[in-house]
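J.: Using the working numbering, the first residue of the sequence shown is number 5, and each one after it goes up by one.
FYI, nobody ran anything at the bench for these hints, they're computed from the structure.
Check before you lean on any hint, since a few could be wrong.
[Unchecked claim] Taking lysine to any residue pairs in the SDA-like style, the calculated list, with each CA pair at most 25 Å apart, reads: (1) K217 <-> L60; (2) K168 <-> G141; (3) K43 <-> H111.
[Stated by the list, open to error] Computed Cβ-Cβ distance ranges for the label pairs, DEER-style: (4) Y142 <-> E188: 24 to 30 Å; (5) Q98 <-> Q58: 37 to 43 Å; (6) L240 <-> K217: 18 to 24 Å.
Quantities reported herein were computed from a predicted structural model and do not represent experimental measurements.
C-beta: ideal position from N, C-alpha, C; glycine also.
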Amino acid sequence: MLYLIGLGIWDETDLTLRAIEALKTCDKIYCELYTANWKGSLKAIEKITGKKIQILEREIVESDLIPAEARKKRIALLVPGDPLVATTHFQLVQDAKKKRVKTTIIHSSSIYTVVAETGFSIYKFGRTTTLAYPEKGYDPQSPYEIILLNRKIGLHTLVLLDTKNNGMTISEALELLEKMDKEEILAKTKIAVAANMGSGRQTIRYGYAKDLKIKDTGIIIIPSILNYNEEEAMKLWQ
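Let the hints inform the model, and build the full structure from the sequences given.
T.: See the structure below:
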């Protein structure tokens, strides 16, 4: 038996009651923390469930270990946010099913749902992109190209930030985008940024990039054309 369980957007209090009850029945509980900067406490979950939790690196999660163990034992993999937002985890489900392992998905909150709290219509978002830290020989410009494409067809862009080094800050991300911004979108267009979403201290701001250099991790939204409801919503964050 294999459980894929979402940890939710912020901390251990986002776990559902269904998830907690499932974890109590498991022989082993694994967790990956490389797909998002989750702020919770695994120790707290261990105390609630009475089970030890082992953190796995990407190469182990993507190996045959979990499906193989789940053939004989009840195994859970805890995943930040919703367990199927990262495509690698659906591959895990496929691998388990090929081995005739029963799988259960227990969903939780995700940035793709929480983003609606900004007031942007979730139906008007195009392709999501992720800003990565540049490295020697690696300086991807594709995030900017995706922003241009989305704007061309009237869709907003959700920009996720690199999770390495405890997470890229909004300030760092905007500086990277400004270097790519040949069409000066950030100078001419108001954008939205959001930090600590799903927590009791979340921040949402709307304005020009030069005024939104927040030194915290989060997301950036590059809008296309706003409808009336979105325009009214943005007044809350200026």
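J.: Evaluate each hint against the coordinates.
T.: How the hints compare with the structure:
1. K217 <-> L60: Violated, because 33 Å separates the two Cα atoms, which is more than 25 Å.
2. K168 <-> G141: Roughly 18 Å between the alpha carbons, so the hint for K168 and G141 holds.
3. K43 <-> H111: Holds - the C-alpha atoms of H111 and K43 are around 18 Å apart, at most 25 Å.
4. Y142 <-> E188: 24 to 30 Å: Holds - the Cβ-Cβ distance for Y142 and E188, about 25 Å, lies within 24 to 30 Å.
5. Q98 <-> Q58: 37 to 43 Å: violated, 23 Å
6. L240 <-> K217: 18 to 24 Å: holds, 20 Å
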